[in-house]
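Engineer: So the chains spell out like this:
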Amino acid sequence: MSGTASDNAASGLTAEEVSQLSTEEAMIAGAEADDVFIVHRRERFPIAGTRAERRAERTVALMFLLAFLAAVAFIVVFCGAVPYQWRLPGQGNQNFRYFTPLLGALLGLSLAAIGIGTVLWAKWLLPEEEVVQDRHDRPKDPAQQMLTAATLVQGFHDTGIGRRSMLKATLGLAGGALGVVPLVALVGAMLKKPNRGQGQSLFHTLWGKGVAVVDYQGRRIGPADLLPGGLLTVFPGVPDGVAAGDSPTLLIRLRPGQTVKARKGQAGFQWEDYVAFSKICTHAGCPASLYEQQTGRLLCPCHQSQFQVLEDAKPVFGPATRSLPKLPLGVEVVDGKQYFVAKGDYPEPVGPAFWERP
Amino acid sequence: MTTVRPNSDGPTVASPRRFDKPRTPQGKAGKWIEERLGVSGAARNQLNKVFPDHWSFMMGEIALYSFIILLLTGTFLTFFFDASMAEVRYNGSYIPLDGVRMSRAYASTLHISFDVRGGLVMRQIHHWAALLFMASMTVHMFRVFFTGAFRKPRELNWLIGLGLITLGLVEGFAGYSLPDDLLSGTGLRIAEAIIQSIPVIGSWAAFLVFGGKFPGTEIIGRLYIVHVLLVPGILLALIGAHMALLIKQKHTDFPGPGRTEQTVAGERMYPTYGLKAGGFFFIVFAVCAALGGLAQINPVWLFGPYNPAQVSSGSQPDWYIGFLDGSTRLFPSWEIRLWHHTIPPLFWPTVVLPGVLFTLAGAYPFLEAKLTKDRERHNLLQRPRDVPVRTGLGAMAITFYGVLLLSGGNDLIAKAFDISLNAMTWGGRIALLVLPPLAYAAAYRVCLGLQRHDREVLEHGIETGIITLLPNGEFIEIHQPIGPVDDHGHGQLQYAGAAVPKKMNRLGNPARHNRVRGFLWPVREKAEIEAELRALQAQEAERRDRELTD
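Note that the protein sequences, when read in sequence, are chains X and V. For the numbering used here, add 1 to where a residue sits in the first sequence, where the first one is 1. For the numbering used here, add 397 to where a residue sits in the second sequence, where the first one is 1.
It should be emphasised that the hints constitute simulated quantities derived from the structure, not laboratory data. Using N, Cα and C, we set each Cβ at its ideal position, and we do this for glycine too.
SDA-like cross-link-like pairs, simulated, lysine to any residue; straight-line CA separation at most 25 Å:
| hint | chain 1 | residue 1 | chain 2 | residue 2 |
| --- | --- | --- | --- | --- |
| 1 | X | K315 | V | S730 |
| 2 | X | K315 | X | R264 |
| 3 | V | K647 | V | L559 |
| 4 | V | K900 | V | R941 |
| 5 | V | K812 | X | F318 |
| 6 | X | K194 | V | L605 |
| 7 | X | K210 | X | Y275 |
| 8 | X | K193 | V | H737 |
| 9 | V | K549 | X | D36 |
| 10 | X | K265 | X | T322 |
| 11 | X | K124 | V | S412 |
| 12 | X | K193 | V | G618 |
| 13 | V | K645 | V | E765 |
| 14 | V | K767 | V | V784 |
| 15 | V | K645 | X | A144 |
| 16 | X | K124 | V | N442 |
| 17 | V | K549 | V | R782 |
| 18 | V | K645 | X | D135 |
| 19 | X | K141 | V | Q443 |
| 20 | V | K767 | X | P140 |
| 21 | X | K193 | V | I622 |
| 22 | V | K812 | X | Q309 |
| 23 | V | K645 | X | D138 |
| 24 | V | K812 | V | W716 |
| 25 | X | K124 | V | W452 |
| 26 | V | K549 | V | L642 |
| 27 | V | K767 | X | D138 |
| 28 | V | K425 | X | V19 |
| 29 | V | K428 | X | A34 |
| 30 | X | K315 | V | G825 |
| 31 | X | K193 | V | V567 |
Short derived list, chain V residues pointing at chain X, Cβ under 10 Å:
| hint | residue |
| --- | --- |
| 32 | F511 |
| 33 | F682 |
| 34 | N704 |
One chain only, chain X, in its complex shape (with noise of 0.2 Å):
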């Protein structure tokens, strides 16, 4: 071995003596000072200009060449030789549609060219090499551990904090409760208590006696607007009765001969074959609207949760727990037509279950 840790260390060469040193021989004495051993280095052409490293240096060259075109091409582009503006088929320039495809594919090559151009030159130009560094990982001089010990150990016992028992605790007090105070700004400042103000309770929606069954443009529906089997999600016709959270509601015209049996207090919730429920799931509230109008069955997407409505929306298959809440359903007359109203809040808490729900 011709390089250990201790006659290299850093070098152990004058300035002198460096600078009578050929640049790589300074460079591997620079890498022994760092305990970095170049154990093998070789020219990869040894001998210059040979057909061989003309080769390889055209092909590094053309790597580049082509970054350069692509991105001369991804600029043209981008400026405006591709239009890029939407427009209907049909109707205008159709040719935006190669404007994404044609960025991509140009600074993708642009950029694997330069990428592969680099490493090729790495792998194929450079000098070989294989280099050995110490790790120094050997246990580190338990002398210099034990004076750290004592540094800290010395400068605790200065400080006094171990018998200073008053210092201690009021320190704690004051460090305890101003670490808090982070805390009850932010927190404190998000908080909102659940359930309170208008349209916050998790208990109850929009829906009430008397609010009228509108659809998602605010129509009002009513009895002859859905033929047998037929489904349509409904809000309730107030302020904020199509955004909010809570109030689609699956209005199901039953085909003739199905029956929905009612639970109990709920006999009155049906109107004729209408019945109406929470469109959103107990599970985790997507909107339950897949309906299987022969069966019965309505399948929420997100987890596959399954209820069947001829049996009150009970869950019968997936992670949902409970029943869709069934909302009583009157009518009125307007004008001599019929529409639907609600006669009254859904009987639970909609949507997905929480610690408060009994």
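Given chain X, put chain V in place with the hints provided.
Structural biologist: Here is chain V on its own, set in the frame of chain X:
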């Protein structure tokens, strides 16, 4: 260890510039800095830092580079995105949504996609890079796990890495929630239900995060600051710490000829490794750019604005959230009702399960050290086959995760293969319990088999595929011994934790610079291979002569 003084006898290439006095502008700039900061010693140390070369070490690099791509493209997007839930009427150039009421967040996402020049490609590169970021971190974690790189002294970096993956999940979720389209809004609705499912504090926490009842008007603005400042800042700091520990502790290396616990072998940072790593950054960027241009991702204009009454079938989160979607689908409808209070079934698969999984992962290095009573420092990696229990546990964990991930798309699988959806759910529930132990057993057996094969090759040599007819009429396959043999022709080399050559073309001088390089194809010089072949043929002929004459 002999230091090579190259080119001392052979023909030389052009010699480099002299170094003793600064002559060039760069040299003078270096002197200027040195006179003020005095960093030449430390800088030389870092320039000469040695990095080992193995394809599996590139996974972490991909993660780092995709994070840089995310910062670059994300900065572009912030110039145009408006994180507001105020309602507007869309009147941009995407005619099909003309006049539709939507949030400003969704409208500005459409603006980026259709009316900002190059906005769509940037958005898509950003999204693809995010998927790649999470994927490469996950595969990097597998590499670290299966090779035992997390062992002392690197437990801290394992924990930091786990923190990066966890924050990556949060960052990704916050990011894809921002456009406020129908898909991401559905995700937020589920997130709200998950927060609400936490016992005791659930509804308080949900009202705190959303500023009131879902959906409210706050969440997009809050997620925005989380996505562009809070989490990226922490990610950046943790990545810095991850890298600093890597530099301090130096990279692990696989065992092999000349590898020791005290040294690291490879290429120096400057110039070779730096050039390769820099080139690789551009290659990773190229892949993201090409995907961003050519492969459509998250076409929010097809989903429409969020509306609590609507959902599309096949609603899936980004892949790295998929395992939680799967666990939610598989978990049975077990609700706990106590004294007029409820613990919803949603709580277990979405809060408890990830908590348990990440705690187990974080505790693993310490559990393994405790159970194996291994308190040594380790800089050399282990081959997965040499630690069958750990490899088995890893296979078990990946199988568990894989079943959850597949179940997150069980509706799409059911549709594509015409399977009952309910059968998919039940299949997933059963597979989640049955497959991981089977995977453990299978991985354990495979490890033992591979170990035995290594020993067999060391003892009997490499199978050459050459069948010879002996004078007595018996056919035998000729084995090429790897090292010296005893009187019975049995090899005397002991297994040392390094890869054992098993193919003729993998044989060669064990010195590293002569070993076969390359991942998919051996990278060799033709003359070298021919010389080796001739030597082998000569050896083989000699051996046959000896066998026949014996």
